[in-house]
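> Take the sequences, apply the hints, and build the full model.
One-letter residues, chain by chain:
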Amino acid sequence: MWVTAAVKAATGGSAGAAGVDGVWELVVHFTDFPHDAEDDEADTANMMDMTTMVEAEEVKAWYMNRLKEAEYVKHGSSKGIMLMSKANHAQLFRAVATHDYDRYWAVNRTLSADSVASPAKLKHVPLRLAFRNTPTMADLILPIHPTTGELTTLGNALDALLPDKPPGTIVLVHGVELDPDVTLHDLTNSMAYADNFVYVAIAYPPHSLPA
Amino acid sequence: MASTGPAEGIVPQTRSITDDKVVIKLKAVGSAKLLKRDKFKVSASNAFSHVVAFLRKQLHLAPADALFVYVDKFAPPPDANVGKLFLAYGDVKYLVIHYCNNPAFG
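Residue numbers (full-length UniProt numbering), protein chains in the order written: chain A, 1 to 211; chain B, 1 to 106.
Simulated from the structure, these hints should not be mistaken for lab results. In this text, a Cβ means the ideal position worked out from N, Cα and C, and glycines have one as well. Among these hints, one or two may not hold up.
[Unchecked claim] These stretches of chain B come out as covered by chain A in the derived footprint (C-beta under 8 Å, 3 or more residues): (1) 8–18; (2) 26–40; (3) 62–75.
So this is what it looks like as structure tokens:
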């Protein structure tokens, strides 16, 4: 399985996202993985960045690895996943595959019970920034400021990670533009994706890419 | 997006990268072949897939041979930046990378 993606220009242009391509069109291919460029060294390197998943097992392995990574970021070790029973692993992935919200949360809730209640139990925020045409960016961010004790907001995190972002940069989570004052703890609890990472899409305004 | 408060201090600086280089330490797990040399300096701006390609070359693996590569018990995405991996998951001096012929770490 491999995926090609194209950004479809936003039609109509809503006020919030004027001039920004908002809609992605994903095409999932199950055959004809492009092997022909393998002789070319540069192309081979690019090719290896592509994920080839042939079977559901590989998709599951990929998912479990992201889950483990998120668990490590949140709690400092992947123990929560490693100690989970095989039946729960299976239930979690099956719930994702079949969009079964209740079954998913029945298992996933056990992973983050402590940190949902108290931001002090959250070691780092599983935050990933997604850009157009460049790999995602993942840094460890503290949910609470070490000296002031204030909860870190999305705005704080973006100031720290992207100090040179041009004005007019659009920040989307699940396709929704967010208030910069929302805390990362709330984002982690309520807006995380199925692998427990919060993916934030960053769209720079046209013709103002940062140096 | 307007600044909403202090941004300094929320990205922990426990490790640092000098000269755009990260030392990776490769550790074999299970029946995987040991390397004569296990520490290498790699460019911090590389994608993780380059480390995997390098490791495959060191181990003289055929394209069909399986190799599973882990950082702290999970397999990083191939496009993950090596420098960022080190800053987030590294030891003080190295980024420890485990490799094996079979899937490991459940």
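> Hint numbers the structure violates, sorted upward?
Violated hint: only 2; rest satisfied.
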